[in-house]
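Protein chains in written order, with the working numbering: chain A, 1 to 317; chain B, 1 to 136.
These aren't lab readings, by the way, just hints derived from the structure by calculation. Incorrect hints may appear among the rest.
Computed list of chain A residues with no C-beta within reach of chain B, every gap over 12 Å [as the list claims (entries may be wrong)]:
id, residue
1, L22
2, G60
3, S90
4, D200
5, G212
6, G235
7, L252
8, A257
Distance windows between CB atoms, simulated [stated by the list, open to error]:
id, chain 1, residue 1, chain 2, residue 2, range
9, A, E224, B, A119, 51 to 59 Å
10, A, D200, B, A119, 37 to 45 Å
11, A, E224, B, T127, 17 to 25 Å
12, A, V301, B, T131, 45 to 53 Å
13, A, E251, B, T116, 54 to 62 Å
14, A, D209, B, E81, 46 to 54 Å
Here are some chain A residues the structure puts well away from chain B; computed CB gaps all over 10 Å [claimed, not checked]:
id, residue
15, A23
16, S31
17, N38
18, R41
19, R49
20, D106
21, H217
22, A250
A virtual CB, placed ideally from N, CA and C, is assigned to each residue, including glycine.
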Amino acid sequence: MGTPGHDSDLLQPLLDGDRRALARSLTLVESRGPGFRNLLRGIAPRLGRAHRVGVTGAPGVGKSSLVAALVATARNNGMSIAVLAVDPTSPFTGGALLGDRVRMTDHVGDEGVFVRSMASRGALGGLSTATGDALDVLDAAGFDLILTETVGAGQVDVEVAHESETTLVLFAPGAGDAIQAMKSGLMEVADLWVVNKADDVRAEKVRADLVGSLSLHEPPDDLEERVVLTSAKDGSGVGDLLEKLCARRAELESSGARGDLARGRIRRRLTAAARDLVSERLLGSAADSLIDAVVTGERSVHDAAEDILRTDDGGRS
Amino acid sequence: MSRPIRVLVAKPGRDGHDRGAKVVAAALRDAGMEVIYTGLHQTPEMIVEAALQEDVDVIGLSVHSGAHLPLFRRVIELVNEKGLQNTVLVGGGIIPSDDVRALESEGIGKIFGPGTPTAELADWIRTAVTTRREDA
Ligand SMILES: Nc1nc2c(ncn2[C@@H]2O[C@H](COP(=O)(O)OP(=O)(O)OP(=O)(O)O)[C@@H](O)[C@H]2O)c(=O)[nH]1
Ligand SMILES: [Mg+2]
Chain A
1 MGTPGHDSDL LQPLLDGDRR ALARSLTLVE SRGPGFRNLL RGIAPRLGRA
51 HRVGVTGAPG VGKSSLVAAL VATARNNGMS IAVLAVDPTS PFTGGALLGD
101 RVRMTDHVGD EGVFVRSMAS RGALGGLSTA TGDALDVLDA AGFDLILTET
151 VGAGQVDVEV AHESETTLVL FAPGAGDAIQ AMKSGLMEVA DLWVVNKADD
201 VRAEKVRADL VGSLSLHEPP DDLEERVVLT SAKDGSGVGD LLEKLCARRA
251 ELESSGARGD LARGRIRRRL TAAARDLVSE RLLGSAADSL IDAVVTGERS
301 VHDAAEDILR TDDGGRS
Chain B
1 MSRPIRVLVA KPGRDGHDRG AKVVAAALRD AGMEVIYTGL HQTPEMIVEA
51 ALQEDVDVIG LSVHSGAHLP LFRRVIELVN EKGLQNTVLV GGGIIPSDDV
101 RALESEGIGK IFGPGTPTAE LADWIRTAVT TRREDA
């Protein structure tokens, strides 16, 4: 079936839209397997097509359900759509239970939908590096829209928000209050605030409270428009939300802000990638002689750090 | 460091309880695996498509409906069709020993009866996946 035998053969089928090649490419970059740099180099000229949207919010607000509803609506509008659902890895066992797929399984046989679950620390080299690389792979595969779901708990979401062009923060009656989101730094990274479970009578009050708290902190002029009511259950507001996402994408494009966002992302990822390389070198034997030099007082730690950057890495590709 | 083992845990068929599947999913997570849980009422088509997208090492199927033979056979067929032969297939549930023998000869790696200690399941999976990865 033309399935690639080796990871080094993934590039062309990935670019041609082969789903198995896409799945294996995601594994390769996530695990930093042999050849992952080559793959990322190969897709580099093909990036920038997809609108990268982060979806976050407290447990149970309906992120996966709303993502599923957005997928259905986007498909009706002829857009192809990929979902990256990130769940936490247990710091004790290294295992993870990835359960977001439960709400997203009814698109079998539709080539325009692809869903991938990712554990937050299955990622070597840090979550933002791994999600950034995974988003690049999905982008190169040609999807119009990529939704990244993270469970709202602070740092992880902020990192993923930085990898996104647009960030939705979800609230719902009975869960995910604005105060909590303020504390975790999520409010600042939100572009659209979504009150889900609008079929619940208490949703209107959640919306009003949210607008109230946002108004206290230098709100955008179009605040009311940026707070969207949705129901993943009956579908109301989902079309409106998708329209707002598309409008924002167009606006980012025409204002030139999209390019600035991309540069900001690249700066962060460059920093992270360089840090990873330095860390790798510090594991090597070259570090021992530098440590010796600091121990004997020959060099300061800061001098030694600069030396590391000058160390030859032995011709690694 | 080797990458974690990825397992898809699915509950095909029409019967409505997934407590067993959830216990297995949690146990495999605790054994250090990344477990993708897909929920109830999965068709073989949904299961194998999910396994492809998630690039899992293992598909674990929990069946209690009595329809295990056609369900497992269809999964085997689809796995072969999609080029996922390298995936380890395991099953769980109350399955008569004749059927267990048949399925294990047709491509299911192993079928675990009810009450199997989850540690035994995790160990078996770890060994099977290690062997497959070395062969690949
Ligand atoms: N009434 C109502 N219930 C909803 C709506 N959206 C989701 N739910 C329910 O809320 C619960 C949680 O939904 P999920 O989509 O799993 O929420 P989540 O935010 O992805 O949850 P985690 O990933 O566990 O953080 C489920 O029982 C859904 O059926 C909605 O719009 N209205
Ligand atoms: Mg979810």
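Outcome of the hint check:
1. L22: Label violated. Min Cβ-Cβ 8 Å, cutoff 12 Å.
2. G60: holds, 16 Å
3. S90: Non-interface label on S90(A) violated, nearest chain B Cβ at 7 Å vs cutoff 12 Å.
4. D200: holds, 23 Å
5. G212: About 37 Å separates G212(A) from the closest Cβ of chain B, which puts it past 12 Å; holds.
6. G235: At about 20 Å from chain B, G235(A) clears the 12 Å cut-off, so the statement holds.
7. L252: holds, 28 Å
8. A257: For A257(A), whose nearest Cβ neighbour in chain B is about 32 Å away, the distance exceeds 12 Å, so it holds.
9. E224(A) with A119(B): 51 to 59 Å: holds, 56 Å
10. D200(A) with A119(B): 37 to 45 Å: Because 43 Å falls inside the window, the suggested range holds.
11. E224(A) with T127(B): 17 to 25 Å: violated, 59 Å
12. V301(A) with T131(B): 45 to 53 Å: Given about 46 Å between the Cβ atoms, the range holds.
13. E251(A) with T116(B): 54 to 62 Å: Since E251(A) and T116(B) have Cβ atoms about 56 Å apart, the given range 54 to 62 Å holds.
14. D209(A) with E81(B): 46 to 54 Å: holds, 52 Å
15. A23: Answer for A23(A): violated, closest chain B Cβ roughly 4 Å.
16. S31: Violated, since 4 Å does not exceed 10 Å.
17. N38: holds, 18 Å
18. R41: holds, 21 Å
19. R49: Fine: 20 Å to the nearest Cβ keeps R49(A) off the interface.
20. D106: Per Cβ check, D106(A) is inside 10 Å of chain B; nearest 8 Å; violated.
21. H217: Since the minimum Cβ distance to chain B is about 38 Å, H217(A) lies beyond 10 Å and the statement holds.
22. A250: It holds; A250(A) is separated from chain B by about 29 Å at its closest Cβ, greater than 10 Å.
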